[in-house]
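Number of protein chains: 10
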Amino acid sequence: MLFAVRMGVDLPRDLDPGVREDLVAREKAYCQELQKSGRWPHIWRCAGQYANLSVFDVEDNEALHRVLWNLPLFPYLTIEITPLVQHPSDLAAGGAV
Amino acid sequence: MLFAVRMGVDLPRDLDPGVREDLVAREKAYCQELQKSGRWPHIWRCAGQYANLSVFDVEDNEALHRVLWNLPLFPYLTIEITPLVQHPSDLAAGGAV
Amino acid sequence: MLFAVRMGVDLPRDLDPGVREDLVAREKAYCQELQKSGRWPHIWRCAGQYANLSVFDVEDNEALHRVLWNLPLFPYLTIEITPLVQHPSDLAAGGAV
Amino acid sequence: MLFAVRMGVDLPRDLDPGVREDLVAREKAYCQELQKSGRWPHIWRCAGQYANLSVFDVEDNEALHRVLWNLPLFPYLTIEITPLVQHPSDLAAGGAV
Amino acid sequence: MLFAVRMGVDLPRDLDPGVREDLVAREKAYCQELQKSGRWPHIWRCAGQYANLSVFDVEDNEALHRVLWNLPLFPYLTIEITPLVQHPSDLAAGGAV
Amino acid sequence: MLFAVRMGVDLPRDLDPGVREDLVAREKAYCQELQKSGRWPHIWRCAGQYANLSVFDVEDNEALHRVLWNLPLFPYLTIEITPLVQHPSDLAAGGAV
Amino acid sequence: MLFAVRMGVDLPRDLDPGVREDLVAREKAYCQELQKSGRWPHIWRCAGQYANLSVFDVEDNEALHRVLWNLPLFPYLTIEITPLVQHPSDLAAGGAV
Amino acid sequence: MLFAVRMGVDLPRDLDPGVREDLVAREKAYCQELQKSGRWPHIWRCAGQYANLSVFDVEDNEALHRVLWNLPLFPYLTIEITPLVQHPSDLAAGGAV
Amino acid sequence: MLFAVRMGVDLPRDLDPGVREDLVAREKAYCQELQKSGRWPHIWRCAGQYANLSVFDVEDNEALHRVLWNLPLFPYLTIEITPLVQHPSDLAAGGAV
Amino acid sequence: MLFAVRMGVDLPRDLDPGVREDLVAREKAYCQELQKSGRWPHIWRCAGQYANLSVFDVEDNEALHRVLWNLPLFPYLTIEITPLVQHPSDLAAGGAV
Numbered sequence: 001m002l003f004a005v006r007m008g009v010d011l012p013r014d015l016d017p018g019v020r021e022d023l024v025a026r027e028k029a030y031c032q033e034l035q036k037s038g039r040w041p042h043i044w045r046c047a048g049q050y051a052n053l054s055v056f057d058v059e060d061n062e063a064l065h066r067v068l069w070n071l072p073l074f075p076y077l078t079i080e081i082t083p084l085v086q087h088p089s090d091l092a093a094g095g096a097v
Numbered sequence: 001m002l003f004a005v006r007m008g009v010d011l012p013r014d015l016d017p018g019v020r021e022d023l024v025a026r027e028k029a030y031c032q033e034l035q036k037s038g039r040w041p042h043i044w045r046c047a048g049q050y051a052n053l054s055v056f057d058v059e060d061n062e063a064l065h066r067v068l069w070n071l072p073l074f075p076y077l078t079i080e081i082t083p084l085v086q087h088p089s090d091l092a093a094g095g096a097v
Numbered sequence: 001m002l003f004a005v006r007m008g009v010d011l012p013r014d015l016d017p018g019v020r021e022d023l024v025a026r027e028k029a030y031c032q033e034l035q036k037s038g039r040w041p042h043i044w045r046c047a048g049q050y051a052n053l054s055v056f057d058v059e060d061n062e063a064l065h066r067v068l069w070n071l072p073l074f075p076y077l078t079i080e081i082t083p084l085v086q087h088p089s090d091l092a093a094g095g096a097v
Numbered sequence: 001m002l003f004a005v006r007m008g009v010d011l012p013r014d015l016d017p018g019v020r021e022d023l024v025a026r027e028k029a030y031c032q033e034l035q036k037s038g039r040w041p042h043i044w045r046c047a048g049q050y051a052n053l054s055v056f057d058v059e060d061n062e063a064l065h066r067v068l069w070n071l072p073l074f075p076y077l078t079i080e081i082t083p084l085v086q087h088p089s090d091l092a093a094g095g096a097v
Numbered sequence: 001m002l003f004a005v006r007m008g009v010d011l012p013r014d015l016d017p018g019v020r021e022d023l024v025a026r027e028k029a030y031c032q033e034l035q036k037s038g039r040w041p042h043i044w045r046c047a048g049q050y051a052n053l054s055v056f057d058v059e060d061n062e063a064l065h066r067v068l069w070n071l072p073l074f075p076y077l078t079i080e081i082t083p084l085v086q087h088p089s090d091l092a093a094g095g096a097v
Numbered sequence: 001m002l003f004a005v006r007m008g009v010d011l012p013r014d015l016d017p018g019v020r021e022d023l024v025a026r027e028k029a030y031c032q033e034l035q036k037s038g039r040w041p042h043i044w045r046c047a048g049q050y051a052n053l054s055v056f057d058v059e060d061n062e063a064l065h066r067v068l069w070n071l072p073l074f075p076y077l078t079i080e081i082t083p084l085v086q087h088p089s090d091l092a093a094g095g096a097v
Numbered sequence: 001m002l003f004a005v006r007m008g009v010d011l012p013r014d015l016d017p018g019v020r021e022d023l024v025a026r027e028k029a030y031c032q033e034l035q036k037s038g039r040w041p042h043i044w045r046c047a048g049q050y051a052n053l054s055v056f057d058v059e060d061n062e063a064l065h066r067v068l069w070n071l072p073l074f075p076y077l078t079i080e081i082t083p084l085v086q087h088p089s090d091l092a093a094g095g096a097v
Numbered sequence: 001m002l003f004a005v006r007m008g009v010d011l012p013r014d015l016d017p018g019v020r021e022d023l024v025a026r027e028k029a030y031c032q033e034l035q036k037s038g039r040w041p042h043i044w045r046c047a048g049q050y051a052n053l054s055v056f057d058v059e060d061n062e063a064l065h066r067v068l069w070n071l072p073l074f075p076y077l078t079i080e081i082t083p084l085v086q087h088p089s090d091l092a093a094g095g096a097v
Numbered sequence: 001m002l003f004a005v006r007m008g009v010d011l012p013r014d015l016d017p018g019v020r021e022d023l024v025a026r027e028k029a030y031c032q033e034l035q036k037s038g039r040w041p042h043i044w045r046c047a048g049q050y051a052n053l054s055v056f057d058v059e060d061n062e063a064l065h066r067v068l069w070n071l072p073l074f075p076y077l078t079i080e081i082t083p084l085v086q087h088p089s090d091l092a093a094g095g096a097v
Numbered sequence: 001m002l003f004a005v006r007m008g009v010d011l012p013r014d015l016d017p018g019v020r021e022d023l024v025a026r027e028k029a030y031c032q033e034l035q036k037s038g039r040w041p042h043i044w045r046c047a048g049q050y051a052n053l054s055v056f057d058v059e060d061n062e063a064l065h066r067v068l069w070n071l072p073l074f075p076y077l078t079i080e081i082t083p084l085v086q087h088p089s090d091l092a093a094g095g096a097v
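If you read the protein sequences in the order shown, they are chains A, B, C, D, E, F, G, H, I and J.
Counted from 1, the first sequence has number 13 at position 13 by full-length UniProt numbering; the numbering is strictly sequential.
Counted from 1, the second sequence has number 56 at position 56 by full-length UniProt numbering; the numbering is strictly sequential.
Counted from 1, the third sequence has number 91 at position 91 by full-length UniProt numbering; the numbering is strictly sequential.
Counted from 1, the fourth sequence has number 70 at position 70 by full-length UniProt numbering; the numbering is strictly sequential.
Counted from 1, the fifth sequence has number 31 at position 31 by full-length UniProt numbering; the numbering is strictly sequential.
Counted from 1, the sixth sequence has number 20 at position 20 by full-length UniProt numbering; the numbering is strictly sequential.
Counted from 1, the seventh sequence has number 86 at position 86 by full-length UniProt numbering; the numbering is strictly sequential.
Counted from 1, the eighth sequence has number 43 at position 43 by full-length UniProt numbering; the numbering is strictly sequential.
Counted from 1, the ninth sequence has number 54 at position 54 by full-length UniProt numbering; the numbering is strictly sequential.
Counted from 1, the tenth sequence has number 48 at position 48 by full-length UniProt numbering; the numbering is strictly sequential.
Looking at chain A on its own, in the form it has when it is part of the complex (with noise of 0.2 Å):
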């Protein structure tokens, strides 16, 4: 079942540089992690900004609530979640032209 969500991303200027680096490495590795068991399917970054459009891949919406709500970054996201279904002219859902 597939959610697209936006991320955009609000690191205080005052977090600590140590903090701040841990965080991001935890977030990369989180994320990887995801990828490669498939919930995680696509990630861009959105030129210009720090956000990313990301497209989750889970069984329901605890699944994805999980997902999100564990991210390290979680505090400093502001998310925005489309619910996705198959679209009838995906060539993908096996139909003819």
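Because the hints were derived from the structure by calculation, they are not lab data.
Just to be clear, a hint being listed does not mean it is correct.
[Claimed, not checked] Below 30 Å or equal to it, Euclidean Cα-Cα: the simulated BS3-like pairs (lysine-lysine) are:
{"#": "1", "chain 1": "H", "residue 1": "Lys36", "chain 2": "G", "residue 2": "Lys36"}
{"#": "2", "chain 1": "I", "residue 1": "Lys36", "chain 2": "J", "residue 2": "Lys36"}
{"#": "3", "chain 1": "D", "residue 1": "Lys36", "chain 2": "C", "residue 2": "Lys36"}
Assemble the complex: chain A is given as a structure, and chains B, C, D, E, F, G, H, I and J must be docked to it using the hints.
Showing chains B, C, D, E, F, G, H, I and J alone in chain A's frame:
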């Protein structure tokens, strides 16, 4: 070069049913042709909305514009564009964990 | 899996009264069928508005989309969707106080 | 009398951890007490957000205000209120199909 | 129980003048009947706008909804509702200064 | 001359408790003095919000400004003003039904 | 007593040209009559917009409402009102520098 | 050449009182100097707001920018600019009625 | 003197095709005449939108207004204006690096 | 490939003056280097705002992102991006009138 594009569709109620059917069929054919050529790699329906979230892979802004401008449904679409780049945490970027 | 859905209704003034009556009757029948099946557990009218706040209980995003897309009033609705999960303070979650 | 209430939580980053833990614990206890009394029949977490959607069942506006004003987290909440009434399609309203 | 209600009126230009005159007359009669019964204690015109700010005094949300839903101009109104309670500084609340 | 005024209060969390208590007490005294003089005929708390909806009856814009500018809480208020006039349906306007 | 008023004009495309010409002519005459009487001391066109920014000098809110409500173009206007008072830095206020 | 400018002031609460007093005094002196030179022909306080609506009469955009950029309060201002031109209904434009 | 202007175009669907073609042709001719005269130095299409971003170089606000007001498509445009000045980092400003 | 970019600057008041001066100097040097390379062909100050409107000419989205991400002021900027293409009325496009 990737762009995320959200398209909301607003077909007028008083559109002739034949015209409408033809429009939607041509939109589907056009969309699938672009999928086959690799320029429209993702299209998802936004759940509960007459809208889609798409990702386009085109050479440049001019190519993006031509693709969107020639959509049969173009006059009825509200379009939002987000230029995308590779995210530093994307495994596909080849970075070791 | 639960979703909160707000539906605002905007029926065109010039809709034929018979068509309108038929639409509203079919909407009601469709709604009550889904209530009986357990997929539309809550529907409230927003006071002073031609709008409702509903909760749907469906298997996945695809099921939610099918339910909404097939609403007889769908072409006249403005729909906002909020995916829901169990709240940690919810007694129904079984947590001791 | 029912009200839908959306509460967004914005705890300041520099809140003392002990204070924060205490606040959240008191909020949970307060919430569960109101659930038991029947005045807070529904509380859902909004997926991916530090926010909840709740339904309150109270005698009047004054009772709603007292309940919300006394939330331990009140100073950190953004609150939106929608007065609800029974929907004419609600089976619970006793109407035959 | 008090509610503040702002109503913006948007009568279609092509409304038949007789229909319009009748609508406005019935709205006025309906409004004055509710004033006499004490349920519509305040109505002010917003200066320079085809809009009013009103205060309703009703038993509950259901009563508020019935009053608004039955306004002859209801299909042409944009309605915003604010539930009100007594203010702690209100002298009418009986508090000594 | 009447004005509707909505005041949202945003007291900083780090305000000294004594300062805060003094501010709120002075606000209440100031408010009640204006009630007695007839210049602040209505004040309601917006349910579930640290906000009020008020009606002022003053000679002119200058008087309105002086009253608001001198509110002890002024620096912490977000203020919205709506000039009001008598509504043609208002029974108090003396019009026969 | 001064009010700043911004008026955006939205004349329907299908308005009969004669009706339109007459409306605009009556608007101009009405406007100039009020200028002569001193009640409409300033009117500026907003560059590149079918809109004006005006200042009215009237006795009270009732007078402002009458002036605006009777504008021949009133049904086609979007109106925003800002009550004004003398600024403490205004030389015209008589204050020595 | 005329511009309407709305300036909202947001002085930080923790500004040193002496600094604040000096800032406001310099703002007033600067404002009055520009009034005398004819470049700031109108300044009104927006009732109930720490804000003003002003009209500037300057040679060009560069002159407008210099005047605003050098306002002592500039770092604390939210500024909105509307370029103005003579209105065809303005009697001062010399048009016969 | 420079102004950035964004123009969104919204041609009504039911516009006579001949009228539409004529309008667009006249808009193009008008635009190119202004380009040749140096008053419309930049015009770009916003990708995927029926809209343009333009820069105008005119003597004053009056000249800007005349240029925009006389656009053949003016009645169908949504126009946003930003007055521009030379940027201190602009090499063209003659500043040594 | 062209992009319009609006950058609003919000430097924190408590930034060390030396740090601030250094940041602004590095921003200017960086900006002028990009101007010389042809990648930042236009930069204008928005009149009366701490903001600029710029046009970038870069190979692709990745190049745009690198340029913006490396702006010394990036952490203090609010950035809006509009992908641009050649306008069919642009004389530079070589079209005969």
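| message | Name the hints, by number, that the structure is in violation of. | response | none
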